[in-house]
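Visitor: Using the sequences and the hints given, assemble the complete structure.
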Amino acid sequence: MSVSEEQIKKDIVDQLYWDSRVDASEIEVEVTGDKVTLKGSVPNYSAKGAASADAWAISGVRDVENQIEVIYPPSVTVPTDEEIKSNIETSLELNLSLDATDIEVSVTAGIVTLQGSVDAYWKKTRTESIASGVSGVLDIINKLTIVPTENFIDKEIAEDIVGSISRNFNADAEKVDVKVEDGEVTLSGTVADWSAYRAVMDATEFTAGVVNINDNLIIESL
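In the working numbering, the protein residues as written are -15 to 206.
One or more hints might be untrue.
Okay, derived cross-link-like pairs now, DSS-like style, lysine-lysine, Cα gap no bigger than 27 angstroms in a straight line [unchecked claim]: (1) 127 x 69; (2) -6 x 23; (3) 23 x -7; (4) 139 x 163; (5) 107 x 69; (6) 69 x 19; (7) -7 x 19; (8) 23 x 127.
Hints listed in this document are in silico derivations from the structure and should not be mistaken for laboratory results.
Guide: Here is the structure:
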């Protein structure tokens, strides 16, 4: 059963106002078919990412375009670029799951660029997540590359991903096609909803040997 545009919009707006991470008062939601566009502004970068996740979580949504701007309130003293850089570097160093030795952080007008390398794909996304929580960040450009510390066989990487998907009750491994070439994973096929999508992505991101992900998954309309 398809969900109407009006219902999708209402559900997203309700979800945004429910989410304590997001100040939804300045967010505009537009729905065309199963595509959602988010506009307006939020007071910090992490809220922008949370708004996307909220929209994706709604039944009937198959695409989300996040055009939200980060505008800090006048009452907030925005850190300088150097302070933002220093705060991100400190946060990375304090995170025991990461080795920040080969991570380079630069900041220009609040826009953060992450360069260098990490040894696992999930560490790339984790680094961006940590940076997103630092005050003053307006956007993040993640150029980190993955350089595994061991040699991995593509076939084994694919088998590990499929095995993980198969063990997750949220996803149907038979509907997902996994191809791996030189550690680069291409995902195609269909998933039922956002929970299933995240289950497949997590299975891929957390698998050793993955250096990049091409996401061609389609979220089915409910």
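Visitor: It remains to establish, for every hint, whether it holds in the given structure.
Guide: Do the hints match the structure? See the list:
1. Simply put, residue 127 and residue 69 have alpha-carbon atoms about 16 angstroms apart, close enough for the 27 angstroms limit, and the pair holds.
2. For the proposed pair residue -6 and residue 23, the alpha carbon gap of about 15 angstroms is at most 27 angstroms, so the pair holds.
3. Between residue 23 and residue -7 the alpha-carbon distance is near 13 angstroms, which keeps this suggested pair within the 27 angstroms criterion.
4. For the suggested pair residue 139 and residue 163, the alpha carbons sit about 9 angstroms apart, so the restraint of at most 27 angstroms is met.
5. Note on residue 107 and residue 69: the hinted pairing holds, with a Cα-Cα distance of about 18 angstroms set against a maximum of 27 angstroms.
6. Proximity of residue 69 to residue 19 is assessed by CA-CA distance (about 35 angstroms); at most 27 angstroms being required, the pair is judged violated.
7. Distance hint between residue -7 and residue 19 is fulfilled; the C-alpha atoms sit about 10 angstroms from each other, no more than 27 angstroms.
8. For the given pair, residue 23 sits about 25 angstroms from residue 127 by alpha-carbon distance, which is consistent with the 27 angstroms threshold.
Hint compliance for this structure: hint 6 is the single one not met.
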